[in-house]
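Enquirer: The numbering used here numbers the first residue of the sequence shown as 1 and each following residue consecutively.
To be clear, the hints were calculated from the coordinates, so they are not data collected in a lab.
All C-beta atoms, glycine included, are put in the ideal place defined by N, C-alpha and C.
Wrong hints could be hidden among the right ones.
[Unchecked claim] Calculated cross-link-like contacts (lysine to any residue; reagent style SDA-like; alpha-carbon spacing at most 25 Å):
#, residue 1, residue 2
1, K24, F89
2, K24, E12
3, K24, I53
4, K47, I62
5, K47, V22
[To be verified] Label-pair ranges, simulated between beta-carbon atoms:
#, residue 1, residue 2, range
6, R74, L23, 23 to 33 Å
7, G25, T104, 16 to 26 Å
8, E12, T104, 16 to 26 Å
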Amino acid sequence: IGERGQALSGGERQRIAIARAVLKGSPILLLDEATSALDNETEARIKRALDRIRQGRTTFIIAHRLSTVRDADRILVMDRGRIVESGRFDELARAGGLFQRLVTEGGFAQSDETGAD
């Protein structure tokens, strides 16, 4: 593993960080780009696990990938440090704002279960 995990890949470091957060048992979970360094298959597995882990916890997910927030109860869309939209994925994807533009430009189909973006 090396000192301070230097021999670990970015994805391995992220999985360890997520495991540490879960083992703490905190009622609040903060995930900052939790799946950014993962391949699509690993991302899907981590997302399914996180969906189970989120139950009964307040979870804040900071993400650039639309697939990461697909099932969020509430999405806050920020632009230049300000919240410009708030709502559920499907609502925001139809609202005509920044989020809809991101969905359209990213080629993310609203019914796409794989979360390809």
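Enquirer: Each of the hints needs a verdict: does it hold here or not?
Expert: A quick look at each hint next to the structure:
no. : hint                   : verdict
1   : K24 / F89              : violated (29 Å)
2   : K24 / E12              : holds (19 Å)
3   : K24 / I53              : holds (12 Å)
4   : K47 / I62              : holds (14 Å)
5   : K47 / V22              : holds (14 Å)
6   : R74 / L23: 23 to 33 Å  : holds (26 Å)
7   : G25 / T104: 16 to 26 Å : violated (40 Å)
8   : E12 / T104: 16 to 26 Å : violated (34 Å)
When held up to the earlier numbered hints, the structure conflicts with 1, 7 and 8 and fits the remainder.
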